[in-house]
Amino acid sequence: MSPSQQHEKNPERVAAGLKASINNPHVSQEAKVHAAERLQELGEGEKGRTVESNRVLGGYKATLHNEHTSVEAKDHAREILSAAGYHERHADDTEHNMRVLAGYKAALHNPKVSDEAKQHAMEYLKEHNAL
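Here the sequence shown is numbered in my numbering, starting from 19 and rising by one per residue.
Hints listed in this document are in silico derivations from the structure and should not be mistaken for laboratory results.
Be careful, since some hints might not be right.
[To be verified] DEER-style ranges, computed between Cβ atoms:
id: 1; residue 1: Asn-41; residue 2: Lys-123; range: 43 to 49 Å
id: 2; residue 1: Ser-46; residue 2: Lys-130; range: 43 to 49 Å
id: 3; residue 1: Ala-80; residue 2: Asn-42; range: 19 to 25 Å
id: 4; residue 1: Ser-88; residue 2: Ala-120; range: 26 to 32 Å
id: 5; residue 1: Glu-97; residue 2: Gln-137; range: 17 to 23 Å
id: 6; residue 1: Val-45; residue 2: Glu-145; range: 44 to 50 Å
id: 7; residue 1: Gln-137; residue 2: Pro-29; range: 45 to 51 Å
id: 8; residue 1: Gly-103; residue 2: Lys-144; range: 34 to 40 Å
id: 9; residue 1: Met-116; residue 2: Glu-26; range: 48 to 54 Å
id: 10; residue 1: His-83; residue 2: Glu-26; range: 19 to 25 Å
id: 11; residue 1: Met-116; residue 2: His-138; range: 16 to 22 Å
id: 12; residue 1: Thr-112; residue 2: Gly-35; range: 40 to 46 Å
id: 13; residue 1: Thr-87; residue 2: Ala-148; range: 35 to 41 Å
[Unchecked claim] In silico lysine to aspartate or glutamate, EDC-like type, Cα no more than 20 Å apart, as pairs:
id: 14; residue 1: Lys-123; residue 2: Glu-134
id: 15; residue 1: Lys-136; residue 2: Asp-111
id: 16; residue 1: Lys-130; residue 2: Glu-145
id: 17; residue 1: Lys-123; residue 2: Glu-90
id: 18; residue 1: Lys-79; residue 2: Glu-48
id: 19; residue 1: Lys-130; residue 2: Asp-111
id: 20; residue 1: Lys-37; residue 2: Glu-55
id: 21; residue 1: Lys-37; residue 2: Glu-59
id: 22; residue 1: Lys-27; residue 2: Glu-48
id: 23; residue 1: Lys-92; residue 2: Asp-111
id: 24; residue 1: Lys-92; residue 2: Glu-134
id: 25; residue 1: Lys-130; residue 2: Glu-113
id: 26; residue 1: Lys-123; residue 2: Glu-97
id: 27; residue 1: Lys-79; residue 2: Glu-55
id: 28; residue 1: Lys-123; residue 2: Glu-113
id: 29; residue 1: Lys-79; residue 2: Glu-113
id: 30; residue 1: Lys-79; residue 2: Asp-111
id: 31; residue 1: Lys-144; residue 2: Glu-113
id: 32; residue 1: Lys-79; residue 2: Glu-90
Keep in mind the model is a prediction, meaning the values are calculated, not measured.
All residues carry an ideal CB built from backbone N, CA and C; glycine is no exception.
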């Protein structure tokens, strides 16, 4: 075996390690995003993304729309999302509000949503005359 062959990495093992990083609760969010990016580079693409990595990126997306989040946190979320290949889409306020209301309405009918969350959804919908 030549010296160059000794250091060649098996792409399948590299991908497995990256997937393990994404699912490891001790790995930082930034490292998880980086691992998801590397999986895409290796040709794993969307199928290589786990539910956990999608949740991580989804959390960063939610940060952008949270009125209680600092400007610095929103800037950081934009950086992470941009690095993962996501770009902010500027939907108009009407579309956004319709989606928020639809999400709360869906929560009312979802058996996996807690009673407290359903109560919150009901209150929000009443406040916005959406019931």
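Outcome of the hint check:
1. Asn-41 with Lys-123: 43 to 49 Å: About 32 Å separates the Cβ atoms of Asn-41 and Lys-123, which means 43 to 49 Å is violated.
2. Ser-46 with Lys-130: 43 to 49 Å: Violated - the Cβ-Cβ distance for Ser-46 and Lys-130, about 28 Å, lies outside 43 to 49 Å.
3. Ala-80 with Asn-42: 19 to 25 Å: 22 Å, holds
4. Ser-88 with Ala-120: 26 to 32 Å: Roughly 28 Å apart at Cβ, these two residues keep to the hinted range, so it holds.
5. Glu-97 with Gln-137: 17 to 23 Å: At 36 Å between Cβs, range violated.
6. Val-45 with Glu-145: 44 to 50 Å: 39 Å, violated
7. Gln-137 with Pro-29: 45 to 51 Å: 50 Å, holds
8. Gly-103 with Lys-144: 34 to 40 Å: 39 Å, holds
9. Met-116 with Glu-26: 48 to 54 Å: Hint holds: Cβ distance 52 Å, inside 48 to 54 Å.
10. His-83 with Glu-26: 19 to 25 Å: Violated - the Cβ-Cβ distance for His-83 and Glu-26, about 44 Å, lies outside 19 to 25 Å.
11. Met-116 with His-138: 16 to 22 Å: 19 Å, holds
12. Thr-112 with Gly-35: 40 to 46 Å: The hint (40 to 46 Å, Cβ to Cβ) holds, given that Thr-112 and Gly-35 are roughly 45 Å apart.
13. Thr-87 with Ala-148: 35 to 41 Å: Because 24 Å falls outside the window, the suggested range is violated.
14. Lys-123 with Glu-134: Roughly 14 Å separates the two Cα atoms, so the pair holds.
15. Lys-136 with Asp-111: Distance of about 24 Å is beyond 20 Å: violated.
16. Lys-130 with Glu-145: Between Lys-130 and Glu-145 the Cα gap is close to 24 Å, so the pair fails against 20 Å, i.e. violated.
17. Lys-123 with Glu-90: Violated - the C-alpha atoms of Glu-90 and Lys-123 are around 31 Å apart, more than 20 Å.
18. Lys-79 with Glu-48: 14 Å, holds
19. Lys-130 with Asp-111: Violated: Lys-130 and Asp-111 sit about 29 Å apart, past 20 Å.
20. Lys-37 with Glu-55: 11 Å, holds
21. Lys-37 with Glu-59: Status holds; Cα separation ~13 Å.
22. Lys-27 with Glu-48: 23 Å, violated
23. Lys-92 with Asp-111: 18 Å, holds
24. Lys-92 with Glu-134: 28 Å, violated
25. Lys-130 with Glu-113: 26 Å, violated
26. Lys-123 with Glu-97: 32 Å, violated
27. Lys-79 with Glu-55: 16 Å, holds
28. Lys-123 with Glu-113: Satisfied, since the Cα-Cα distance of roughly 15 Å is no more than 20 Å.
29. Lys-79 with Glu-113: 16 Å, holds
30. Lys-79 with Asp-111: 16 Å, holds
31. Lys-144 with Glu-113: Holds - the C-alpha atoms of Glu-113 and Lys-144 are around 19 Å apart, at most 20 Å.
32. Lys-79 with Glu-90: Within the cut-off at roughly 14 Å; holds.
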